[in-house]
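Trainee: Listed below, chain by chain, are the residues.
2 protein chains.
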Amino acid sequence: MGSRSGTGTSVQGEPSERKAGMGKVGKRKGSARTGSGRAPAYTVGLDIGGTKILGALLDPEGEVVGTVRRTTVHGADGLVAGAAQAVRDVVASGGVELADVAGVGLGIPGIVDHRSGTVKHAVNLGVHDDELPLAELLSAELGGVPVVVENDLNVAAVGAAHVLERSADRAGGAHDHADLAFLALGTGLASGLVLEGQLRRGVSGAAGEIGHVPVDPLGPECPCGQRGCLERFASGKALEAAWPSRHGKPSPVELFEAARAGDQEAIVVKDRFASATASAVRLLVLTTDVRHVVLGGGVAQLGTELLDAVQDALREQAKVSPFLGSLRLAERVQLAPTHVPVAAVGAAVLGRRS
Amino acid sequence: MGSRSGTGTSVQGEPSERKAGMGKVGKRKGSARTGSGRAPAYTVGLDIGGTKILGALLDPEGEVVGTVRRTTVHGADGLVAGAAQAVRDVVASGGVELADVAGVGLGIPGIVDHRSGTVKHAVNLGVHDDELPLAELLSAELGGVPVVVENDLNVAAVGAAHVLERSADRAGGAHDHADLAFLALGTGLASGLVLEGQLRRGVSGAAGEIGHVPVDPLGPECPCGQRGCLERFASGKALEAAWPSRHGKPSPVELFEAARAGDQEAIVVKDRFASATASAVRLLVLTTDVRHVVLGGGVAQLGTELLDAVQDALREQAKVSPFLGSLRLAERVQLAPTHVPVAAVGAAVLGRRS
Chain A
1 MGSRSGTGTS
11 VQGEPSERKA
21 GMGKVGKRKG
31 SARTGSGRAP
41 AYTVGLDIGG
51 TKILGALLDP
61 EGEVVGTVRR
71 TTVHGADGLV
81 AGAAQAVRDV
91 VASGGVELAD
101 VAGVGLGIPG
111 IVDHRSGTVK
121 HAVNLGVHDD
131 ELPLAELLSA
141 ELGGVPVVVE
151 NDLNVAAVGA
161 AHVLERSADR
171 AGGAHDHADL
181 AFLALGTGLA
191 SGLVLEGQLR
201 RGVSGAAGEI
211 GHVPVDPLGP
221 ECPCGQRGCL
231 ERFASGKALE
241 AAWPSRHGKP
251 SPVELFEAAR
261 AGDQEAIVVK
271 DRFASATASA
281 VRLLVLTTDV
291 RHVVLGGGVA
301 QLGTELLDAV
311 QDALREQAKV
321 SPFLGSLRLA
331 ERVQLAPTHV
341 PVAAVGAAVL
351 GRRS
Chain B
1 MGSRSGTGTS
11 VQGEPSERKA
21 GMGKVGKRKG
31 SARTGSGRAP
41 AYTVGLDIGG
51 TKILGALLDP
61 EGEVVGTVRR
71 TTVHGADGLV
81 AGAAQAVRDV
91 VASGGVELAD
101 VAGVGLGIPG
111 IVDHRSGTVK
121 HAVNLGVHDD
131 ELPLAELLSA
141 ELGGVPVVVE
151 NDLNVAAVGA
161 AHVLERSADR
171 AGGAHDHADL
181 AFLALGTGLA
191 SGLVLEGQLR
201 RGVSGAAGEI
211 GHVPVDPLGP
221 ECPCGQRGCL
231 ERFASGKALE
241 AAWPSRHGKP
251 SPVELFEAAR
261 AGDQEAIVVK
271 DRFASATASA
281 VRLLVLTTDV
291 RHVVLGGGVA
301 QLGTELLDAV
311 QDALREQAKV
321 SPFLGSLRLA
331 ERVQLAPTHV
341 PVAAVGAAVL
351 GRRS
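Which chain is which? The protein sequence lines are A and B, in order.
Going by full-length UniProt numbering, the first residue of the first sequence is number 1, and it counts up by one from there.
Going by full-length UniProt numbering, the first residue of the second sequence is number 1, and it counts up by one from there.
Be a bit skeptical, because a hint or two may be false.
No copy labels: a pair is met if it fits in one copy or bridges any two.
[As the list claims (entries may be wrong)] Result set (BS3-like, lysine-lysine): computed pairs, CA atoms no more than 27 Å apart in a straight line:
1) K120 <-> K319
2) K237 <-> K52
3) K120 <-> K237
4) K249 <-> K52
5) K319 <-> K237
Derived by calculation from the structure, the hints in this document are not laboratory data.
Same shape as in the complex, but just chain A (with noise of 0.2 Å):
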């Protein structure tokens, strides 16, 4: 909720014009794959979270050849020198140099003017009602690479895109633009579109923001002010409240467990919060008719356990509905990438196309 916006001047282009020298780009070998007839070049991209930044160097075929983890610095100073020192580390990591990288790409929660560069309301890092302009400073301590941000949701579902179109094309197969929406199973409940390789963003930067449409008018009170809203069911903090931790491991780990152990109350929990997932699914297809839902997000490290749990709840709806059988749901539901950091890498891919 309100993690999103999209308005303010754009003065996208400004970093750019600061840009450093581009003669050493491309040093090492390696063709590019846009076809934009630019020269070759690595791109960094950064997820930026509440206690770490993760970080992703890609080659200019867009490959992953590097990766860093660095904790989180609260407050605008330290966001900013923590995010230039994850681009240096990332880069000599890859074995390149800051010259080679001809843009960065930031993800980060809170309300993000992608066109202006500048982020607010990033409680969880410090950064309160202020306009910070991370954009114009990181690339400021950079050099002049030009930098982009964007909201953390976004970067995620392009991630993903990036990391589903490349193994399409190592598989040799009949290459699709990725068409997915990246549901994020975090404290809140929200997803990240691509449509046909493209990121939708909305006119108000709430597209995706499926986690505040009300299904229970009978439902719990949301913050957001309204009622019975998804993330009220199917989130981290629905998980929590249902299955408080008791042994010190995350809320959705020990329901899983409860559950395996053949817990009774602990099945019932379990098997409604992967019907509420299941809802967010019907609920992204019916709306957008994405190819791929990619479940992402801290809950969604439980892994197979939770795909499988999400999957037969789609296939229990679709029981009583041929409708809802015939968009075969469960085919369309996946784990995100685990092999990479996927936010990272959809930051390093619009840093490229910045």
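Starting from the known structure of chain A, fit chain B onto it as the hints suggest.
Mentor: This is chain B only, laid out in the frame that chain A set:
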């Protein structure tokens, strides 16, 4: 429900290979605005419904220069012959000839495969299980003019986008690609999506099928097999069930008249309907974040009285939620244009792109 499809083999090129000579195209003056480099040409669109066919002729600039209305003849043969006659009539009404027509688009209910140009399960047109190769048959009937077939909601959305874009052009403002959902309050409830100027069909033709998103676990059963679908609250059928016609006028008209006259029961039913329709608008924006939601379909013939009621309901919902308030939903809603047959216009636009 089940009114769309998108599978089947691609034979889209077939009709155009049999296309008649283009020599006469553009003999009336006018410059092409498509930027495609193709010769300027007229296109025809038909909106084929259960009782009537509406037709529109677009000139090379995209202006509506002829319209027609015919009674629908049911069954495959009657459908093709009636559509062909409607094309000839609308062409004549615009003072041009069939040879000036570069393409024909059809909007039709039922399961449409736009790639193969076939339709099935258009039960209220007398087309049942067998697949009807409508594009091919009509093209042959018209001497080879290319014909495309599209879902009726999709043509309505494209038509509304076309009209909005042209209004913006005339107003001389900054030209944005139209970004909208066409929300059809017909017998059922569904929508068509145009996102940044592009028709969004979805991978199985199900994009915009919001009528079958469940919004109340205790709601009435839906013929689709689920319970509490949005269509059970916001559609012509829902209105008729809640307020059956008593005086020979359509149920929505009688309901709104009774509410205006102060009938307390009618006011409750009307408010509930407006609130459910507002929920459909909210759902569309929270998923796709479209700039405009255009109200169409039979119920929208109520006009400004409906628009006012829906906008009031949206403002009411926003009162409890600053988050919803920030999305300015009431400002996004408008009535479908009535000065042109908007679905037929959309069909003609798609006929041009074929």
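Trainee: Would you mind marking each hint as holding or not holding in the structure?
Mentor: Hints, one by one, checked against the model:
1. In this assembly of identical chains, the alpha carbons of K120 and K319 lie at most 27 Å apart only when taken from different copies (24 Å versus 45 Å within one copy).
2. Taking the closest pair of Cα atoms, K237 and K52 come within 27 Å of each other only inside a single copy of the chain (20 Å); across copies the shortest separation is 52 Å, beyond that limit.
3. For the homomeric pair K120 and K237, the shortest alpha-carbon distance inside one copy (23 Å) is at most 27 Å, but the shortest distance between copies (45 Å) is not.
4. In the homo-oligomer, the alpha carbons of K249 and K52 lie at most 27 Å apart inside one protomer (19 Å), although the nearest pairing across protomers, at 64 Å, exceeds that limit.
5. Taking the shortest Cα distances, K319 and K237 sit within 27 Å of each other only across copies (25 Å), while inside one copy they are farther apart (29 Å).
Checked against the numbered hints listed earlier, the structure breaks none of them; every hint is satisfied.
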